[in-house]
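J.: Could you put together the complete structure from these sequences and hints?
Heads up, the sequence shown is in the numbering used here, so the first residue is 34 and it goes up one at a time.
What the hints contain is simulated information worked out from the structure, not anything from laboratory work. No false leads were mixed into what you were given.
With a Cα cut of at most 25 Å, we get these calculated BS3-like pairs of lysine-lysine:
| no. | residue 1 | residue 2 |
| --- | --- | --- |
| 1 | 281 | 305 |
| 2 | 305 | 280 |
| 3 | 187 | 95 |
| 4 | 480 | 524 |
| 5 | 497 | 524 |
| 6 | 294 | 305 |
| 7 | 488 | 504 |
| 8 | 271 | 197 |
| 9 | 187 | 133 |
| 10 | 525 | 495 |
| 11 | 262 | 275 |
| 12 | 227 | 187 |
| 13 | 227 | 197 |
| 14 | 552 | 480 |
| 15 | 227 | 241 |
| 16 | 95 | 128 |
| 17 | 241 | 305 |
| 18 | 102 | 133 |
| 19 | 133 | 87 |
| 20 | 197 | 273 |
| 21 | 552 | 504 |
| 22 | 236 | 197 |
| 23 | 273 | 222 |
| 24 | 197 | 241 |
| 25 | 159 | 197 |
| 26 | 128 | 87 |
| 27 | 275 | 243 |
| 28 | 197 | 222 |
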Amino acid sequence: MHQAIISLKEWNKVATQLNNLTLFLRKPYIIRLIRELEKAFTDDESINMRIEKKLHDGFLVKVNGLYSKLNFRDMPWNYCCLYQWRVVSPSLIGKVLSCKVVNIKTLPFSCQVVACRINDQIPEIKVGETYKSIVVSKTIFGVFVDAGIHFGWKYGSFFGLMHKNNMNSPLDIDILAEGQTIEIAYWGKNNEGKLIFGCNEDKYQWFKEKFDDLLYNNIQVNVFEHDNKQLTFYAHGKFKSKLCAPKKSELGIELYKRAVKRLVGGDVITCKILRVNNRSQQLHVLWNSMSEISLIGNRDFLRRKNVNGIISILPWEQDSYNDLHKLENAVVGLRVLHTGDRISFVYNDDYIALLSKEERYYHKPGPDINGALNRLVHDDIIHCRVVKVDYENSILHVIWDCSPEIAEISKRPEKRKPVSKSLLRGSLSIAESIDKDVLGKLSLFGKTVSVLVNKVDGRSGKHKNEYVVDKKFHAALNIVSSSYSLSVKEKKQIEAGLADQEEFAAEVTGYRNGLVQVKWDIDKNSLGKIP
Numbered sequence: 034m035h036q037a038i039i040s041l042k043e044w045n046k047v048a049t050q051l052n053n054l055t056l057f058l059r060k061p062y063i064i065r066l067i068r069e070l071e072k073a074f075t076d077d078e079s080i081n082m083r084i085e086k087k088l089h090d091g092f093l094v095k096v097n098g099l100y101s102k103l104n105f106r107d108m109p110w111n112y113c114c115l116y117q118w119r120v121v122s123p124s125l126i127g128k129v130l131s132c133k134v135v136n137i138k139t140l141p142f143s144c145q146v147v148a149c150r151i152n153d154q155i156p157e158i159k160v161g162e163t164y165k166s167i168v169v170s171k172t173i174f175g176v177f178v179d180a181g182i183h184f185g186w187k188y189g190s191f192f193g194l195m196h197k198n199n200m201n202s203p204l205d206i207d208i209l210a211e212g213q214t215i216e217i218a219y220w221g222k223n224n225e226g227k228l229i230f231g232c233n234e235d236k237y238q239w240f241k242e243k244f245d246d247l248l249y250n251n252i253q254v255n256v257f258e259h260d261n262k263q264l265t266f267y268a269h270g271k272f273k274s275k276l277c278a279p280k281k282s283e284l285g286i287e288l289y290k291r292a293v294k295r296l297v298g299g300d301v302i303t304c305k306i307l308r309v310n311n312r313s314q315q316l317h318v319l320w321n322s323m324s325e326i327s328l329i330g331n332r333d334f335l336r337r338k339n340v341n342g343i344i345s346i347l348p349w350e351q352d353s354y355n356d357l358h359k360l361e362n363a364v365v366g367l368r369v370l371h372t373g374d375r376i377s378f379v380y381n382d383d384y385i386a387l388l389s390k391e392e393r394y395y396h397k398p399g400p401d402i403n404g405a406l407n408r409l410v411h412d413d414i415i416h417c418r419v420v421k422v423d424y425e426n427s428i429l430h431v432i433w434d435c436s437p438e439i440a441e442i443s444k445r446p447e448k449r450k451p452v453s454k455s456l457l458r459g460s461l462s463i464a465e466s467i468d469k470d471v472l473g474k475l476s477l478f479g480k481t482v483s484v485l486v487n488k489v490d491g492r493s494g495k496h497k498n499e500y501v502v503d504k505k506f507h508a509a510l511n512i513v514s515s516s517y518s519l520s521v522k523e524k525k526q527i528e529a530g531l532a533d534q535e536e537f538a539a540e541v542t543g544y545r546n547g548l549v550q551v552k553w554d555i556d557k558n559s560l561g562k563i564p
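T.: This is the structure:
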């Protein structure tokens with residue numbers, strides 16, 4: 034008979050198994066531990082395991098006194114990547130969890146276990162309370178944290194996000210390190226049911242209002258007035274809001290605009306939430322209470338205008354309004370202001386007064402005041418009678434009928450150019466007080482005119498176009514097309530293609546900043562050019 038020949042490698046394997054068997058025979062308690070694990074496997078019972086050491090893709094655990102491996106994927110909870118497990122795993126060393134045996138072998142000994150789902154009553158974390166959490170990973174928009182460490186991982190994971198906007202400063206994200214334990218507050222859940230954490234108390238107050246759920250609902254907005262008379266709006270008195278203008282209103286846009294101008298600090302208005310900007314923590318709201326708009330829009334107010342031309346809206350308190358109302362038919366002192374060749378009059382250095390010569394204001398033929406007007410100097414005080422208070426336009430309508438005062442000033446030598454008669458209300462048309470050149474430009478409105486192209490050298494050395502209307506008015510050109518929308522680049526290319534002294538037809542659409550505004554439709558009249 035031939036004897037079987039085995040290799041040295043196979044012999045070493047057999048020798049190892051014999052040594053293991055000898056070990057079990059020498060230590061009967063090991064066999065007992067294995068038998069207990071086999072019974073737990075057969076009966077599908079849960080037993081405790083203790084995490085001893087972290088491995089590359091799991092843990093080394095001790096189950097019933099014997100070592101086994103537990104993979105990360107067999108834990109009661111999961112993370113999105115292996116990297117996050119490696120950050121959290123050091124905090125799990127020494128923790129005891131329940132597990133089940135899913136596979137066991139005696140020779141050689143091997144045991145595979147999986148952690149049991151946590152069936153204990155998981156406590157509900159409370160909104161606004163602070164919990165110890167571990168930083169699992171960092172991103173450009175915040176840090177992912179897990180508050181399960183607060184309970185010693187007894188109830189599993191409480192995984193969520195702390196956005197950098199929820200921190201005291203967005204720069205705090207650079208200070209935090211993965212694996213670091215921090216104290217943060219639980220803010221609740223987002224629309225997807227994910228946990229949200231933060232540490233900024235002011236931003237938490239915004240978050241807990243849950244404005245996203247109130248979108249298109251009404252909310253009370255408080256009006257605040259600053260020292261510079263600027264108005265700001267705050268929902269519930271503390272959340273910054275932006276008042277949006279409607280495209281149309283049942284009461285009319287003019288009344289709506291007037292109501293906004295007459296708002297004062299301390300007003301509370303009802304608005305609808307149109308948009309919620311959680312990043313800047315600002316609401317976009319629309320004032321939609323018709324009763325409030327009507328009431329505030331018809332408030333009595335005066336538009337205040339100082340001598341420097343700065344205008345701000347100051348609604349009148351009732352007492353002040355009554356005092357002003359008493360000025361009608363009263364004699365007041367007006368200060369004379371010289372601005373170039375023109376004069377103007379102000380009351381209390383705040384409100385413009387308009388001198389009138391209309392005969393209906395006089396019970397007898399009025400005095401000839403033209404000579405006196407020509408001799409008024411800066412800071413003169415003249416006494417006039419108020420015939421009307423125009424609250425809407427911030428103007429006092431007055432007449433100068435103090436004969437002794439007029440006679441005294443008329444005796445002065447004439448030191449300045451006679452004042453324009455257009456200062457006297459009601460005696461001249463608007464056209465007589467407007468620059469004739471401006472009138473000529475305005476008369477072109479809506480007409481089709483000839484536009485001449487002049488090529489001139491620009492500052493950079495490149496040629497640029499200047500346009501002249503009717504060979505006397507400078508113009509600004511707007512190129513359009515009836516068939517499609519022109520880009521800025523296409524418009525520049527069309528302008529660059531125009532030749533010097535070339536003419537084309539265009540429509541006058543307005544007058545702004547000293548230039549006639551013309552529109553050239555390239556689809557009409559052979560590209561609009563005039564041969």
